[in-house]
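Enquirer: Go ahead and model the full structure; you've got the sequences and the hints to work with.
2 protein chains.
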Amino acid sequence: MTDQEHHFGTDHPIGVAVLGMGNVGTEVVRIIQEQAQDLRQRVGAPLMLRGVAVRRADVDRGIDPALLTTDAHALVARDDVDLVVEVMGGIDPARALIGAALTAGKSVVTANKALLADYTGELAAAAEHSRADLYFEAAVAGAIPVVRPLIQSLSGDRVNRVVGIVNGTTNFILSAMDETGADYHATLAEATRLGYAEADPTADVEGFDAAAKAAILASLAFHTRVTAADVYREGISRITSEDLETAAALGCTVKLLAICERVPAGPGEPGSAQGGKDRISVRVYPALIPRKHPLSSVNGAFNAVVVEAENAGRLMFYGQGAGGAPTASAVMGDVVMAARNKFFGGRAPGESVYAELPIAPIGDTPTRYHVNMKVADRTGVLQAVAGEFAKHGVSISTVRQEGQDTGVIESGPEAAAERNHAGPSSTPRRQGARLVVVTHHATESALADTVAALAELESVTSVTSVVRLEGTEE
Amino acid sequence: MTDQEHHFGTDHPIGVAVLGMGNVGTEVVRIIQEQAQDLRQRVGAPLMLRGVAVRRADVDRGIDPALLTTDAHALVARDDVDLVVEVMGGIDPARALIGAALTAGKSVVTANKALLADYTGELAAAAEHSRADLYFEAAVAGAIPVVRPLIQSLSGDRVNRVVGIVNGTTNFILSAMDETGADYHATLAEATRLGYAEADPTADVEGFDAAAKAAILASLAFHTRVTAADVYREGISRITSEDLETAAALGCTVKLLAICERVPAGPGEPGSAQGGKDRISVRVYPALIPRKHPLSSVNGAFNAVVVEAENAGRLMFYGQGAGGAPTASAVMGDVVMAARNKFFGGRAPGESVYAELPIAPIGDTPTRYHVNMKVADRTGVLQAVAGEFAKHGVSISTVRQEGQDTGVIESGPEAAAERNHAGPSSTPRRQGARLVVVTHHATESALADTVAALAELESVTSVTSVVRLEGTEE
Numbered sequence: 000m001t002d003q004e005h006h007f008g009t010d011h012p013i014g015v016a017v018l019g020m021g022n023v024g025t026e027v028v029r030i031i032q033e034q035a036q037d038l039r040q041r042v043g044a045p046l047m048l049r050g051v052a053v054r055r056a057d058v059d060r061g062i063d064p065a066l067l068t069t070d071a072h073a074l075v076a077r078d079d080v081d082l083v084v085e086v087m088g089g090i091d092p093a094r095a096l097i098g099a100a101l102t103a104g105k106s107v108v109t110a111n112k113a114l115l116a117d118y119t120g121e122l123a124a125a126a127e128h129s130r131a132d133l134y135f136e137a138a139v140a141g142a143i144p145v146v147r148p149l150i151q152s153l154s155g156d157r158v159n160r161v162v163g164i165v166n167g168t169t170n171f172i173l174s175a176m177d178e179t180g181a182d183y184h185a186t187l188a189e190a191t192r193l194g195y196a197e198a199d200p201t202a203d204v205e206g207f208d209a210a211a212k213a214a215i216l217a218s219l220a221f222h223t224r225v226t227a228a229d230v231y232r233e234g235i236s237r238i239t240s241e242d243l244e245t246a247a248a249l250g251c252t253v254k255l256l257a258i259c260e261r262v263p264a265g266p267g268e269p270g271s272a273q274g275g276k277d278r279i280s281v282r283v284y285p286a287l288i289p290r291k292h293p294l295s296s297v298n299g300a301f302n303a304v305v306v307e308a309e310n311a312g313r314l315m316f317y318g319q320g321a322g323g324a325p326t327a328s329a330v331m332g333d334v335v336m337a338a339r340n341k342f343f344g345g346r347a348p349g350e351s352v353y354a355e356l357p358i359a360p361i362g363d364t365p366t367r368y369h370v371n372m373k374v375a376d377r378t379g380v381l382q383a384v385a386g387e388f389a390k391h392g393v394s395i396s397t398v399r400q401e402g403q404d405t406g407v408i409e410s411g412p413e414a415a416a417e418r419n420h421a422g423p424s425s426t427p428r429r430q431g432a433r434l435v436v437v438t439h440h441a442t443e444s445a446l447a448d449t450v451a452a453l454a455e456l457e458s459v460t461s462v463t464s465v466v467r468l469e470g471t472e473e
Numbered sequence: 000m001t002d003q004e005h006h007f008g009t010d011h012p013i014g015v016a017v018l019g020m021g022n023v024g025t026e027v028v029r030i031i032q033e034q035a036q037d038l039r040q041r042v043g044a045p046l047m048l049r050g051v052a053v054r055r056a057d058v059d060r061g062i063d064p065a066l067l068t069t070d071a072h073a074l075v076a077r078d079d080v081d082l083v084v085e086v087m088g089g090i091d092p093a094r095a096l097i098g099a100a101l102t103a104g105k106s107v108v109t110a111n112k113a114l115l116a117d118y119t120g121e122l123a124a125a126a127e128h129s130r131a132d133l134y135f136e137a138a139v140a141g142a143i144p145v146v147r148p149l150i151q152s153l154s155g156d157r158v159n160r161v162v163g164i165v166n167g168t169t170n171f172i173l174s175a176m177d178e179t180g181a182d183y184h185a186t187l188a189e190a191t192r193l194g195y196a197e198a199d200p201t202a203d204v205e206g207f208d209a210a211a212k213a214a215i216l217a218s219l220a221f222h223t224r225v226t227a228a229d230v231y232r233e234g235i236s237r238i239t240s241e242d243l244e245t246a247a248a249l250g251c252t253v254k255l256l257a258i259c260e261r262v263p264a265g266p267g268e269p270g271s272a273q274g275g276k277d278r279i280s281v282r283v284y285p286a287l288i289p290r291k292h293p294l295s296s297v298n299g300a301f302n303a304v305v306v307e308a309e310n311a312g313r314l315m316f317y318g319q320g321a322g323g324a325p326t327a328s329a330v331m332g333d334v335v336m337a338a339r340n341k342f343f344g345g346r347a348p349g350e351s352v353y354a355e356l357p358i359a360p361i362g363d364t365p366t367r368y369h370v371n372m373k374v375a376d377r378t379g380v381l382q383a384v385a386g387e388f389a390k391h392g393v394s395i396s397t398v399r400q401e402g403q404d405t406g407v408i409e410s411g412p413e414a415a416a417e418r419n420h421a422g423p424s425s426t427p428r429r430q431g432a433r434l435v436v437v438t439h440h441a442t443e444s445a446l447a448d449t450v451a452a453l454a455e456l457e458s459v460t461s462v463t464s465v466v467r468l469e470g471t472e473e
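Chains as they are written, first to last, in numbering that gives the first Met the number 0: chain D, 0 to 473; chain U, 0 to 473.
In case anyone wonders, no lab produced these hints; they're calculated from the structure. Note that CB positions come from ideal geometry on N, CA and C, so glycine has one too. One should not assume that every hint holds.
Every beta carbon over 12 Å from chain D, so not counted as near; a handful from chain U, in silico [as the list claims (entries may be wrong)]:
1) 56
2) 197
3) 239
4) 240
5) 359
6) 382
7) 391
8) 457
Computed Cβ-Cβ distance ranges for the label pairs, DEER-style [to be verified]:
9) D:472 / U:65: 40 to 46 Å
10) D:394 / U:40: 35 to 41 Å
11) U:78 / D:291: 52 to 58 Å
12) D:239 / U:32: 52 to 58 Å
13) U:32 / D:298: 42 to 48 Å
14) U:382 / D:293: 43 to 49 Å
15) U:239 / D:201: 56 to 62 Å
16) D:471 / U:40: 32 to 38 Å
Expert: Printed below as a string of structure tokens:
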């Protein structure tokens, strides 16, 4: 193996091109320049910044203007560029630029989750063909090392579950709603004002960003190619202050979770179409989690990822999930590793998708549910509601009933039976009440059928929200 | 680079020797055998178990007896062994066996913290010379990926601090003492009975195990060779139930911490003998930490490591720090990576010690202290004690005084002044009282001088304990 050492010679620099000079790119450029001596020692050869591709080159960005260019394609194609850092974001032109770099055998470090969630296969094939490196630690959970642990540290284990809070904007909003009791729209406005939400917050609040990260995490955890289209997705825009209030009453808070789960082939399924193979469920939605769950205390713009593996047990990784400097830290770790490979030979592990596990549809995925209803405040309502749950095979764990005006709690069949003495034809005594039902595990489809049936009941005014419950022992 | 791919051909197996078949070795052997198909896909070639070195080969260990050998040296030397997994522990013969494997160009995966803490330099030199790999994720914090994140993920950042709970035995004992109020010896006996402490618990309870891990973490974090002898070490055997009680009264708990810290060169020191270089402080001791600190909720046999880096900010890694299966998970991740390198070419990052930062002596390291005293229960005591602290330049943060019988709390100089009305010659009214002083930051040497002076005071019966306080914002 010694013949492949020192491809470049100890004084031959590794040429680096940076594409994009937003929050992350600015920090990457700063670190390359300020930490040059340390980086040289860690790589074995100097990193030399060849250029930075920007949209407008005539803006003062605090670096030598000769380094700036608007022609990203020409920069990537330069003979003296060995390594390309893509921190511009978006699908185009990032996809073509990364493809061109990899095809030319140049190493690529990217933080682009949206691109990876849809095009890892294409990019990994280009990297494989030319024996180039594709690194992307910064694409998931910012500074938190989670991509490398999944690819490398857990490569000798069997991952069963990855659950993460991987979007800082939504976590900031939900933490603030929980703390202040304010409603969603007011809290979003505040997050925008503070710079925690973008002017168009759709990608964050509707869960697209988290879904892209879930696709990447699931691909790595299960050695299966998972794209954003495979991820079931719900955002947080329908979460109300009432949801957080009823969650609190149950000792829970609400978090937007990215869940990647191995669904073991049941013992009765070996003859099924899937041939007894495990399936995987990948989903993003807001869910109640108990306050004693380790993810419940991850607040504000922080991220955390819990990994459960057969031998390792439960691991948790916690830190800053976004921001220029934290994301640049993850990018630079990849840059040093990619540059070392250029210098010493060796390669990043390529895409591993041999397992090809099928995706379990969301309708098959059992979770627990927290169902919030407005109901007529009269006797017999609880019986009628309980009957619909039972009819659809959804088992109820707890019920909480409040009179809208008085806040009286009526629980269990005894109280309902007592009221029934007034007779079935009794008229409503108040305008309405709230009924909160928490179920045991049920499939999405069974729950959807139950909710549809509940809406038909004369005594149910409306089903105001259905939010899942995760992280309980059951 | 393509010429160095596929050294072995896709059907040529990677031969593996396992040294030791205790808790970890048994799990490693099980995983290699049970997960053969997955491992083959992840490596690119099959892993073939060539043999397992044990002390006694005539014991049924549930595997093919032909695999067992008592001649570890012959096993390592076999031509068909490409990769050696050392999970026997101890310095000898592990040191010679690993040395022989590396010298022969074989990759080594080890979980041996005691060996690494003293001999990484020697082993890394052997690996470097023959271009072999030396991996050791399992040596620190069991299943928790922390070695690889420090070496790779944070290679483009500047680590300022690593603080960890890295010994499960002591954490189990301290957690149990905190919960039950039992004393140290009773709790140690219970831990031994439950299998959380070894028959001779010295390495754990006196902090030797944690110190070895601290040396490894500090070496990686600061790119400086740090050995166990460089680590200041105190164990938990002097921690009393009274310490935990007074800690609780301050909103704290007690944890055995491994602390690796960059001590920046002060602005006034550029002309000093150190030439203005940063220094590093590496130390292991029990310390009070506030209950709101993320490490305070790490209980029982769990481990956690907090890393603070300039750009990444604060990261935390949490999981199972010991046990057969969790440690084997970390070993197997390294095995897959080392085997991939054998197959595809490429090498693990070697030792990085270019920074050569000097070790700051413990006497120079400022921390806060929690000082517990038995004092005469009479007026003027607080003044005398406060005077000694002031005389040695140690600033007091809070004082808590309790009459031994009544539990009366007397705080601050006003209360003392009030009692002083009785005059300086007043006789003791009760047999004794307890005084707890928490200081601001002070050096070890200033504190030691203060404690010596306190012991000379007529009104101080004894200084019953001095425990550091870490993790406060100040």
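Enquirer: Decide, hint by hint, whether the structure agrees.
Expert: Do the hints match the structure? See the list:
no.: 1; hint: 56; result: holds, 26 Å
no.: 2; hint: 197; result: holds, 21 Å
no.: 3; hint: 239; result: holds, 30 Å
no.: 4; hint: 240; result: holds, 26 Å
no.: 5; hint: 359; result: holds, 20 Å
no.: 6; hint: 382; result: holds, 43 Å
no.: 7; hint: 391; result: holds, 39 Å
no.: 8; hint: 457; result: holds, 49 Å
no.: 9; hint: D:472 / U:65: 40 to 46 Å; result: holds, 44 Å
no.: 10; hint: D:394 / U:40: 35 to 41 Å; result: holds, 40 Å
no.: 11; hint: U:78 / D:291: 52 to 58 Å; result: holds, 55 Å
no.: 12; hint: D:239 / U:32: 52 to 58 Å; result: holds, 53 Å
no.: 13; hint: U:32 / D:298: 42 to 48 Å; result: holds, 44 Å
no.: 14; hint: U:382 / D:293: 43 to 49 Å; result: holds, 47 Å
no.: 15; hint: U:239 / D:201: 56 to 62 Å; result: holds, 58 Å
no.: 16; hint: D:471 / U:40: 32 to 38 Å; result: holds, 34 Å
Hint violations for this structure: none, all hints satisfied.
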